Amino acid sequence: MTSQPGDRASQSADIIDATGIRTRVRDFLKEHDPTAMDRLDFLRARFDAGLAWVHFPIGLGGLGASRALQEAVVDEFATAGAPENNPRRIGIGLGMAAPTILRHGTNEQRLRYLRPLWTGEEVWCQLFSEPGAGSDLAGLATRAIRDGDVWIVNGQKVWTSMAHEAQRAILVARTDPNVPKHQGLTYFLADMTVPGVEVRPLRQITGEAEFNEVFLTDVRIPDSDRLGDVGDGWRVAQTTLMNERVAIGGGAQPREAGMIGILADTWRSRPEVRTHATHDALLQGWVAAEAGRLFGIRLTQQLAAGQPGPEGSASKIIFARLMQQLTGLEIEMLGEQGLRHDDWTMRRAEAVDFLAKSPSYRFLRSKGTSIEGGTSEILRNIIAERVLGLPTEMRVDKDVAWKDIPR
Amino acid sequence: MTDLLYSDVEDALRASVRSLLTDRSPASLVLKRVETPDAYDTELWHALASDLGVAGLLIPESLGGAGAGAREAAVVLEELGRAVAPVPYLGSAVVATTALLHCGDTELLRALASGTRTAALVIPFTTPSSSELSRSARSLHVTVDGPTGTTITGNVTSVADALPADVLLVPTADGLFAVDARADGVFVTPVVSLDLTRQLADITFDGAVGRRIATGAAATDAVRAALLAGAALLASEQVGIASWCVDTTVDYFKTRYQFGRLIGSYQALKHRVADMWVDLAQARAVARYAADCLATGSDDTSVAAAVAQAFVGPATVRIAEECLQLHGGIGFTWEHPIHLYLKRAKSDSLAYGTAAIHRAALANLVDLPSPAA
Chain H
1 MTSQPGDRAS QSADIIDATG IRTRVRDFLK EHDPTAMDRL DFLRARFDAG LAWVHFPIGL
61 GGLGASRALQ EAVVDEFATA GAPENNPRRI GIGLGMAAPT ILRHGTNEQR LRYLRPLWTG
121 EEVWCQLFSE PGAGSDLAGL ATRAIRDGDV WIVNGQKVWT SMAHEAQRAI LVARTDPNVP
181 KHQGLTYFLA DMTVPGVEVR PLRQITGEAE FNEVFLTDVR IPDSDRLGDV GDGWRVAQTT
241 LMNERVAIGG GAQPREAGMI GILADTWRSR PEVRTHATHD ALLQGWVAAE AGRLFGIRLT
301 QQLAAGQPGP EGSASKIIFA RLMQQLTGLE IEMLGEQGLR HDDWTMRRAE AVDFLAKSPS
361 YRFLRSKGTS IEGGTSEILR NIIAERVLGL PTEMRVDKDV AWKDIPR
Chain F
408 MTDLLYSDVE DALRASVRSL LTDRSPASLV LKRVETPDAY DTELWHALAS DLGVAGLLIP
468 ESLGGAGAGA REAAVVLEEL GRAVAPVPYL GSAVVATTAL LHCGDTELLR ALASGTRTAA
528 LVIPFTTPSS SELSRSARSL HVTVDGPTGT TITGNVTSVA DALPADVLLV PTADGLFAVD
588 ARADGVFVTP VVSLDLTRQL ADITFDGAVG RRIATGAAAT DAVRAALLAG AALLASEQVG
648 IASWCVDTTV DYFKTRYQFG RLIGSYQALK HRVADMWVDL AQARAVARYA ADCLATGSDD
708 TSVAAAVAQA FVGPATVRIA EECLQLHGGI GFTWEHPIHL YLKRAKSDSL AYGTAAIHRA
768 ALANLVDLPS PAA
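Line by line, the protein sequences are chains H and F.
Numbering follows our numbering, in which position 328 of the first sequence is assigned residue number 328; successive positions increment by one, without gaps.
Converting from the second sequence to our numbering requires adding 407 to each position, the first position being numbered 1.
None of these hints come from the bench; they were simulated from the model.
What you are looking at is a predicted structure, and each value in this text was computed from that prediction instead of being measured.
There could be a bad hint or two in this list.
[Unchecked claim] If you want a taste of the chain F side facing chain H, the calculated C-beta under 8 Å gives, among others: (1) Leu412; (2) Ala681; (3) Leu775; (4) Ala779.
Cβ atoms here follow ideal geometry from the backbone N, Cα and C, with glycine treated the same way.
Isolated chain H (complex conformation) (with noise of 0.2 Å):
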């Protein structure tokens, strides 16, 4: 019998510390010369080599060993000065995409997406949202019907980041409109470049355009691509959703990391702008902007210690929170200043980046930290309901064939 990609993830997992992974990161860049290689053959090389993401699989780019261990293989490649997979450009896949796709995607999948994913190579984007299915996302309306080995697929997807430039997208699609509505779903791996997928920017309170509206015209998807059982989709996106409120809100930063070092910069560089009122802000933002830090932290420890759960919309709320305080704030204190904006002009974005941009930006980007990847409203829902044991919400479509559902 022939070993599967994951067997052996718990052999090797206690038997590699800090200094070992270290040691293989060092072993490993003797063989292979950053300065000499081409970059993607690099990378290929680095993913095989297990030292891609070395909580996973032996044979996925892991090494199957603790999730901790990542922060040191990444700062030895760092160090070395090695290229890098432009993790920014390729979030989606990595923090969504691939913990769902390990997690529910047979062995052929795994071995055809999670490389190319992980160099880049192909760009990912999620087919989730749609103008009439926020929220309540398992409402939503884009049919896939079945046609032998394929699957067709007519509906709008709404925003969806870098769907422009994608290869790929995680897609959630309605299988049967017979059964309540979260019975109806299934997850796909769709092809982004094939005919009928149609992507047009969606223009934002910023004035530009960091997401995309992506119409599906009788789009042919192989079954082979279906992620998990039909009628599984459900069951199968809660994978990728509390991913992404991880990688939204999580991470373990150094102190006056973000938005709060901005505004603490511009209180010691330019003391024109300090008022009594703006000082005791400024420092009720501070400890705000600590206490999210460390409770990032920690939230950080118990994940290396088990899987992302619940607990994570926590930090989601505690970020966008924040966000909206700190950024308000720096328009007050920076008074004139603060009332000019950099461009109105409709344009793509390159990335989200709070800081590289005007206060006004922020200010109103911002806006967004609460709404996407879960309203803070259905958070607290979740916190409620899963963390704290309460009632769910009354829910008058739940044993309601979707086709009948009001909408």
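Based on the hints, put chain F in the right spot on chain H.
Same frame as chain H, now just chain F:
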């Protein structure tokens, strides 16, 4: 990296403290006790100190202590906060003990480690570690080598955990003194206090004989270290208070019906308790960080303690206030113990300095200077 989780040993310690408190100090008994002359529960204290040995967690084994540290003491404080237990743990086993450790007074430390005696630092409960020599210390008059020895005269108000104390540690402009609480010329008067479970005392010294245990900078440093430890670890007591409030609210939401529905099924209420939980989760991380800094002697301890009191204090008050409101009428009764938690939460938010005082301290610590005058 700083460990913000709880170790297995800490979890085991928590379980034994909780078990003792559940058994010996349920809310119903605490409510009864606060209206008796003995607001402090000395029997409970002896069970904690002797049976569990938690009085000496900060004291080295060579002096009869447990040789543990601030992380373990923080876990004990979480449980004491959860139970609003009327014992002088914070004042004696944390604040006075830290002062004595800095002075190197081994004899007293042995007595405190065993729990046979308790001590209190005689300084108003609201004094922050960032303050210069407190007003109370300056007001005390010390007569060196008088006819009866070195004596102290003067008043100090609003002292925490002094009522059950055997030994009073008295900061003065002439150094730090140990005074026998039962000695002639020492008058400890109970204050009718906002916090019923940590009753304050006003103390008058009228020529009371004191033993000088530190002078000059050593005395100042000892007091400052004691107040810093108090502020850092108080956050864990506050986390205990807040966690009781969240749990109690959630339990109530799962049992109380109105309009034919569990009140925990109303989204307006679910969201409020979710926010309480989010605040608590942050408070816990902040308090663990402060305890860990103290335990490891981190350079960041002053910042960690200031953040702890700037964040956890107000968060705990908010959570306790929400707990009361979300209980409706029953939360406003004397019979329900919520008021004990609200009173402790509010009182604690002033202890060792308010949030605003700690924010002002942070301004200096992290270089965010106040506007030029």
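Consistency of the hints with the structure:
no., hint, result
1, Leu412, "holds (5 Å)"
2, Ala681, "holds (4 Å)"
3, Leu775, "holds (6 Å)"
4, Ala779, "holds (7 Å)"
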